[in-house]
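A.B. asks: Sequence:
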Amino acid sequence: MSDVWTSVNETNKVRLFNSLSLGVAGIICISTAFVPAENQVVCALLITLLQGTIGFNAGGFNRAAVIVARQHAHLLLTCFGLIVTFVTLIQPFIGKVKEFRNQSLEKR
Numbered sequence: 025m026s027d028v029w030t031s032v033n034e035t036n037k038v039r040l041f042n043s044l045s046l047g048v049a050g051i052i053c054i055s056t057a058f059v060p061a062e063n064q065v066v067c068a069l070l071i072t073l074l075q076g077t078i079g080f081n082a083g084g085f086n087r088a089a090v091i092v093a094r095q096h097a098h099l100l101l102t103c104f105g106l107i108v109t110f111v112t113l114i115q116p117f118i119g120k121v122k123e124f125r126n127q128s129l130e131k132r
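If you want the working numbering, it's the position in the sequence shown, counting the first as 1, plus 24.
FYI, nobody ran anything at the bench for these hints, they're computed from the structure.
All residues carry an ideal CB built from backbone N, CA and C; glycine is no exception.
Careful: at least some of the hints might be erroneous.
Distance ranges between label pairs, derived from CB positions [unchecked claim]:
id	residue 1	residue 2	range
1	E34	P60	41 to 47 Å
2	S128	T72	30 to 36 Å
3	L73	Q95	36 to 42 Å
4	H96	N63	45 to 51 Å
5	V28	N126	45 to 51 Å
6	L69	S128	31 to 37 Å
7	I91	V59	35 to 41 Å
8	R39	Q64	34 to 40 Å
Between the sequences and the hints, there should be enough to build the whole structure, so can you do that?
C.D. replies: What follows is the structure, encoded as structure tokens:
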């Protein structure tokens, strides 16, 4: 959608889609906190909408980095890639630590 919209410059498109994505996602997150756990269908619907609105920001941060950094964009994109790779690698370990903690708390 952003690529087809040619009448607005890139900086304003990034601002619009990032604001839309993160603002609406924040509102949905807050509203999900007030839904009782018994309403599983409503909770699932809100979480699905949350993920959908975050999708508006698919390349927003990367594009914003390229727009702001200009000649240093390669360095920023490399850092983004390293951070994403690191988080992907440590995610299973965080899950195991949390699982171990929950098991030890249940034994008490």
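A.B. asks: So does L73 sit 36 to 42 Å from Q95, Cβ to Cβ?
C.D. replies: holds, 39 Å
A.B. asks: Lying within 45 to 51 Å: is that true of the beta-carbon distance V28 to N126?
C.D. replies: Check passed, 48 Å falls within 45 to 51 Å.
A.B. asks: Within 34 to 40 Å: is that where the Cβ-Cβ distance between R39 and Q64 falls?
C.D. replies: This hint holds: roughly 36 Å between Cβ atoms.
A.B. asks: Is the hinted range of 31 to 37 Å satisfied by the C-beta distance from L69 to S128?
C.D. replies: holds, 35 Å
A.B. asks: Just tell me: holds or violated, for the beta carbon distance of S128 and T72 against 30 to 36 Å?
C.D. replies: Roughly 34 Å apart at Cβ, these two residues keep to the hinted range, so it holds.
A.B. asks: Is 45 to 51 Å right for how far apart the beta carbons of H96 and N63 are?
C.D. replies: About 48 Å separates the Cβ atoms of H96 and N63, which means 45 to 51 Å holds.
A.B. asks: Would you say the C-beta atoms of E34 and P60 sit inside 41 to 47 Å of each other?
C.D. replies: Holds - the Cβ-Cβ distance for E34 and P60, about 43 Å, lies within 41 to 47 Å.
A.B. asks: If I claimed the Cβ atoms of I91 and V59 lie 35 to 41 Å apart, would that claim hold in this structure?
C.D. replies: Given a distance of about 37 Å, which is inside 35 to 41 Å, the answer is holds.
Against the hints set out earlier in the document, no violation occurs for any number.
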